[in-house]
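Throw the hints in and build the complete structure from the sequences for me.
There are 2 protein chains.
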Amino acid sequence: MNSRITFFEEKIARVIGQVFADDEPRTLYDPARYTLSLGGKRLRPLLTLMATDLFGKDVDEALDAATAIEIFHNFSLLHDDLMDKADMRRGYPTVHKKWDANSAILSGDAMVIEAYRYIAKVPVDLLPEILDTFSAAAIQICQGQQHDMDFEKRTDVSEKEYLEMIRLKTAVLIGCALKIGAIIAGAFSRDAQYLYEYGINLGLAFQLKDDLLDVYGDPRTFGKKIGGDILCNKKTFLLIKALKNSEKSQRASLEQWLSVSDFDPEEKIRFVKNIYDELNLKLITGNLIEKYYLASLDCLSSVSVSEDRKKELIELAENLMYREK
Amino acid sequence: MNSRITFFEEKIARVIGQVFADDEPRTLYDPARYTLSLGGKRLRPLLTLMATDLFGKDVDEALDAATAIEIFHNFSLLHDDLMDKADMRRGYPTVHKKWDANSAILSGDAMVIEAYRYIAKVPVDLLPEILDTFSAAAIQICQGQQHDMDFEKRTDVSEKEYLEMIRLKTAVLIGCALKIGAIIAGAFSRDAQYLYEYGINLGLAFQLKDDLLDVYGDPRTFGKKIGGDILCNKKTFLLIKALKNSEKSQRASLEQWLSVSDFDPEEKIRFVKNIYDELNLKLITGNLIEKYYLASLDCLSSVSVSEDRKKELIELAENLMYREK
Chain A
12 MNSRITFFEE
22 KIARVIGQVF
32 ADDEPRTLYD
42 PARYTLSLGG
52 KRLRPLLTLM
62 ATDLFGKDVD
72 EALDAATAIE
82 IFHNFSLLHD
92 DLMDKADMRR
102 GYPTVHKKWD
112 ANSAILSGDA
122 MVIEAYRYIA
132 KVPVDLLPEI
142 LDTFSAAAIQ
152 ICQGQQHDMD
162 FEKRTDVSEK
172 EYLEMIRLKT
182 AVLIGCALKI
192 GAIIAGAFSR
202 DAQYLYEYGI
212 NLGLAFQLKD
222 DLLDVYGDPR
232 TFGKKIGGDI
242 LCNKKTFLLI
252 KALKNSEKSQ
262 RASLEQWLSV
272 SDFDPEEKIR
282 FVKNIYDELN
292 LKLITGNLIE
302 KYYLASLDCL
312 SSVSVSEDRK
322 KELIELAENL
332 MYREK
Chain B
12 MNSRITFFEE
22 KIARVIGQVF
32 ADDEPRTLYD
42 PARYTLSLGG
52 KRLRPLLTLM
62 ATDLFGKDVD
72 EALDAATAIE
82 IFHNFSLLHD
92 DLMDKADMRR
102 GYPTVHKKWD
112 ANSAILSGDA
122 MVIEAYRYIA
132 KVPVDLLPEI
142 LDTFSAAAIQ
152 ICQGQQHDMD
162 FEKRTDVSEK
172 EYLEMIRLKT
182 AVLIGCALKI
192 GAIIAGAFSR
202 DAQYLYEYGI
212 NLGLAFQLKD
222 DLLDVYGDPR
232 TFGKKIGGDI
242 LCNKKTFLLI
252 KALKNSEKSQ
262 RASLEQWLSV
272 SDFDPEEKIR
282 FVKNIYDELN
292 LKLITGNLIE
302 KYYLASLDCL
312 SSVSVSEDRK
322 KELIELAENL
332 MYREK
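Sequence order for the protein chains is A and B.
Letter by letter, the first sequence follows residues 12 to 336 in my numbering.
Letter by letter, the second sequence follows residues 12 to 336 in my numbering.
Hints listed in this document are in silico derivations from the structure and should not be mistaken for laboratory results.
Note that the structure is predicted; figures quoted are calculated from it, not measured.
Mixed in with the good hints there might be a few duds.
Which copy is meant is left open, so a pair is good if it fits within one copy or across any two.
Dumping the calculated DSS-like pairs for lysine-lysine here, alpha-carbon to alpha-carbon at most 25 Å [to be verified]:
1) K245 to K279
2) K109 to K164
3) K236 to K109
4) K109 to K96
Following this line, the structure appears as structure tokens:
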């Protein structure tokens, strides 16, 4: 990463570290501070700053909005982990494990409100548009999470439905982060929209890459255990595609593996991966990721700033695309 | 109620009926529509309209903000009922009973965001102030709910702590509803603040009256069973005061009743009520309600509009004060 990006990341770390700094009661704010402190890539606020920078505006102007987006992202992880009964996040126990369900609910609620309080700090002439953009993304994330939960109960989810779900649940906030950065920079609305689309395509590629790495990642670089999605029957792109493309006998034994509750983990992973291999899903998924990656670059090329200013956003797309974790 | 208030109430019913009208997915929005449809007094949006009307402005200008406040209020009931494990609300099963906990969490989240989308519709020149006022109340409600939950685990809650808790949890949104109505009417900020204080005092009186009616209400008019708070050891003003004012032997047997899990409901209610009687808590609580009621009228009298315009807000305070349910 170049030094300017590092400089942006340091700014973000500083402001995120200040959120809820001395707020009380601690029973409400400790779980929120904990969630924010766990870090992660801070991809979304970075994108906001990069979008503002793309149009030559001082990134400090975008820090409040970037913070709002990161708070909202972490809120959604907090509530999602509770709903999905996930015990761990980024190597640490989730809030409902470390505290309890009520702490996760109420601290999450406080985080949504705090996100809006940071949005409210943007320049007043931009407030209506930024508020609308933010809320539109926020509600779509809820819709995406609802689809995701609904899909868990179904075995007939289509590829189209899945892609729409990850668009809502993941891609929209990435698009929103970029678009808000562009709005703050005073970009033409056409350019802001192109950046949004760049983000949507990037977000889709990003999530599909996640799905792919869970099965085909290199255990030495991946960081998490390979096959986690397979073990918990997560409806990833690969599973949906496998259920669709498999012939009768493959599908029957796949569904068998989805329904057993007592199994040897390694055996289940090996078996399901074998079907994925037979169905050529590594290549098929890789091709789709490539398609979205190229589409994202295409959107970026339509933004009316000189090409050399776009270098970092192009690099970032490449890094997400060719990452191994 | 006079016909103008009825006219306001009809407007409110109409807009609330339109919230989330055809939104999808239904798994996300049905629980939210259900929560909003259960009704209740619609006190907060009515106060917003009455505040706007007080300064001679068309109440239609305040409908979006009033809707936002009612959505937020219902969101907080939805999440509180889940956290408090309450099975019923207004005579109907709560969302986590009728659906499940995840539905209650995510539909509630969608309601917060929708509340902000309605706030975003206010005239743009008023947006920053209204947004700040709304968010300040919203975060205080979370703090109040956290205190309420924290208090359940303690037996040494002071009267002061309790009053601060109900100020945050209940009174602040009533004040906020009025203040936003005043802001929309273009009232002087001094007048908006007096109305806010009128609302705070009214809200405190309102909650204390709730606490009182649970013990001393008339079973024929109260609507709910008398003694519900006593049965679930709810830390009401009366219980806190009783724990404080009781002499050693009274306190010992009161704590005994708080700790037993197997008891005859009627006997427990009779016993606790008897201690409340001995400690003169009906009169003490009534006096405190009267104090807040008079303080609310005092704040209202400071608002710089002619006295005859205030008649309805005075009547409303009286009605809340002398209500039997």
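Here is how each hint holds up against the structure:
1. K245 to K279: This pair counts as within: shortest intra-copy Cα distance 13 Å, inter-copy 50 Å.
2. K109 to K164: This pair counts as between: shortest inter-copy Cα distance 18 Å, intra-copy 28 Å.
3. K236 to K109: within (22 Å within a copy, 38 Å between copies)
4. K109 to K96: Both, since 13 Å and 20 Å are each at most 25 Å.
Consistency note: the structure conflicts with none of the earlier hints.
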